[in-house]
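Chains A and B, in that order, are what the protein sequence lines are. The first sequence begins at 62 in the working numbering and counts up one residue at a time. The second sequence begins at 984 in the working numbering and counts up one residue at a time.
Just so you know, these hints were derived from the structure itself, not from any lab. Warning: the hint list may mix true and false statements.
Pairs of lysine to any residue, SDA-like flavour, derived with a Cα cap of 25 angstroms [what the hints assert, rightly or not]:
no., chain 1, residue 1, chain 2, residue 2
1, A, 132, A, 89
2, B, 1081, B, 1029
3, B, 1081, A, 134
4, B, 1081, A, 124
5, A, 118, B, 1040
6, B, 1052, B, 1042
7, A, 74, A, 111
8, A, 79, A, 116
9, B, 1081, B, 1011
10, A, 64, B, 1040
11, B, 1081, A, 73
12, B, 1052, A, 72
13, A, 131, A, 162
14, A, 64, B, 1022
15, A, 116, A, 91
16, A, 118, B, 1085
17, A, 118, B, 1025
On the chain A side, residues computed to face chain B include the following (Cβ under 7 angstroms) [stated by the list, open to error]:
no., residue
18, 100
19, 151
20, 165
21, 168
From the derived model, a few chain B residues whose C-beta atoms are all more than 12 angstroms from chain A [stated by the list, open to error]:
no., residue
22, 994
23, 1000
24, 1008
25, 1025
26, 1026
27, 1030
28, 1037
29, 1041
30, 1055
31, 1060
32, 1065
33, 1066
34, 1087
Quick reminder that beta carbons are idealized off the backbone N, C-alpha and C, glycines included.
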Amino acid sequence: DVKVTQSSRYLVKRTGEKVFLECVQDMDHENMFWYRQDPGLGLRLIYFSYDVKMKEKGDIPEGYSVSREKKERFSLILESASTNQTSMYLCASGLREGFTEAFFGQGTRLTVV
Amino acid sequence: LAKTTQPISMDSYEGQEVNITCSHNNIATNDYITWYQQFPSQGPRFIIQGYKTKVTNEVASLFIPADRKSSTLSLPRVSLSDTAVYYCLVGLYNQGGKLIFGQGTELSVKP
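If we strip away everything but chain A, and leave its shape as in the complex, we get (with noise of 0.2 angstroms):
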């Protein structure tokens, strides 16, 4: 089964914290993406990576970056944390060519005090 395994399930950070968030997937996939989910927003589109050090923006990049050195690892880097980014994060990764699902982490609860 193809794994996508985001390093944590529950964070709590402070306000103004640099924040890390991994992800790993074990299919050598070659696409992988991070979103944010808030109620009533659905999910969101932060980054996209098509392949190691290539991104792409997503709708809402703003006070995020991401890292991707290998393949199977997607970090998504909150530089300065805030209030407004206490969300669910969700990764996906899936394959590039004949692309037909993606397959996403549990999740992480990000909560920013």
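Based on these hints, arrange chain B on the given structure of chain A.
This is chain B only, laid out in the frame that chain A set:
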């Protein structure tokens, strides 16, 4: 990417067939239509994908009319465990690219 429109919420009862329609008027010739299901506190999971006509798997059926400007996800004989949010996506996903979700349809199945 083609924008999609779905009902925000739907109610149903156990044992009924549920049809969720998604509008995608600007769908491009090579775009595929994909549906995901999301349970509370979990990531979405793929249900079904199609290009035209009808696709059926063990979970659902997907009906796509000839003009492809809409699609209908059909869930036969729903149970309480089908209570979830259902997302319709349209795009050239078979060649990789951004995966954009809309707000989805919150389906509530009652006893």
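Violated hints - listed by number, lowest first:
Hints 5, 7, 11, 12, 18, 25, 26, 27 and 34 contradicted; others consistent.
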